[in-house]
Amino acid sequence: KQEVTQIPAALSVPEGENLVLNCSFTDSAIYNLQWFRQDPGKGLTSLLLIQSSQREQTSGRLNASLDKSSGRSTLYIAASQPGDSATYLCAVSLSGGGADGLTFGKGTHLIIQP
Amino acid sequence: DGGITQSPKYLFRKEGQNVTLSCEQNLNHDAMYWYRQDPGQGLRLIYYSQIVNDFQKGDIAEGYSVSREKKESFPLTVTSAQKNPTAFYLCASSHTANYEQYFGPGTRLTVT
Numbered sequence: 001k002q003e004v005t006q007i008p009a010a011l012s013v014p015e016g017e018n019l020v021l022n023c024s025f026t027d028s029a030i031y032n033l034q035w036f037r038q039d040p041g042k043g044l045t046s047l048l049l050i051q052s053s054q055r056e057q058t059s060g061r062l063n064a065s066l067d068k069s070s071g072r073s074t075l076y077i078a079a080s081q082p083g084d085s086a087t088y089l090c091a092v093s094l095s096g097g098g099a100d101g102l103t104f105g106k107g108t109h110l111i112i113q114p
Numbered sequence: 001d002g003g004i005t006q007s008p009k010y011l012f013r014k015e016g017q018n019v020t021l022s023c024e025q026n027l028n029h030d031a032m033y034w035y036r037q038d039p040g041q042g043l044r045l046i047y048y049s050q051i052v053n054d055f056q057k058g059d060i061a062e063g064y065s066v067s068r069e070k071k072e073s074f075p076l077t078v079t080s081a082q083k084n085p086t087a088f089y090l091c092a093s094s095h096t097a098n099y100e101q102y103f104g105p106g107t108r109l110t111v112t
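As they're listed, the protein sequences go chains A and B. Per our numbering, residue 1 is the first one in the first sequence, and the count goes up by one each step. Per our numbering, residue 1 is the first one in the second sequence, and the count goes up by one each step.
These are computed hints drawn from the structure, not numbers from a lab. Worth double-checking, as some hints may not be accurate.
Distance condition first, Cα-Cα at most 25 Å in a straight line; then the derived DSS-like pairs of lysine-lysine [to be verified]: (1) B:9 <-> A:106; (2) B:57 <-> A:106; (3) A:106 <-> B:71; (4) B:9 <-> B:71; (5) B:83 <-> A:106.
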């Protein structure tokens, strides 16, 4: 059974720092990997989607990498801002087809200090 | 605006009652999903549907039921058989082109 682990569980850094969030998964036979952001009491906002054939994706100050063979992904946030404070969730597709839902990690709770 | 709507935002029920959570999307997505989120835990898949009139159980389907009579709608019923129904419920949908999932705002269900 696929398991997803996110490290660290919580992180607090001063504004302006670059930071890396880590995600690992046990079964490398994934279809895609998605990074989400969740604000307290809200739904999830999709940040980046990486297909299994891709190595990385970028959106603004965010860069996500994927090393499928080692079962790892990282989310890099450049020049962090207080508005980046949220919980970041990593999720992988359950099957080779991608249609069967996602397996989630427990998230990294990020606080950016002004 | 395209998106996913869930209603109500908060729902309170007495133990032993069935309750139905609504999920509607106007993104023209074929696939829809229901997840449950508990404090300190990752989201867990309850049910999913890839096409109308078809759906499959996820990891924690016991005590739940769904229907998919229309492409836009995927309601979830929490039955009295669900032993611990209090949770935050999230609905999602995805296009079959790349299966990127988009989420609704969630429904917080409290059963006492």
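Taking the hints in turn, this is what the structure says about them:
For the hint pairing residue 9 of chain B with residue 106 of chain A, the CA-to-CA distance comes to about 23 Å; that is within 25 Å, so the pair holds. For the given pair, residue 57 of chain B sits about 22 Å from residue 106 of chain A by alpha-carbon distance, which is consistent with the 25 Å threshold. Between residue 106 of chain A and residue 71 of chain B the CA atoms are separated by roughly 30 Å; this puts the pair beyond 25 Å, and the hint is violated. Between residue 9 of chain B and residue 71 of chain B the CA atoms are separated by roughly 22 Å; this keeps the pair inside 25 Å, and the hint holds.
Annotation: proposed proximity of residue 83 of chain B to residue 106 of chain A holds, straight-line Cα distance about 22 Å (limit 25 Å).
Comparing the model with each numbered hint stated earlier shows that hint 3 is the single one that does not hold.
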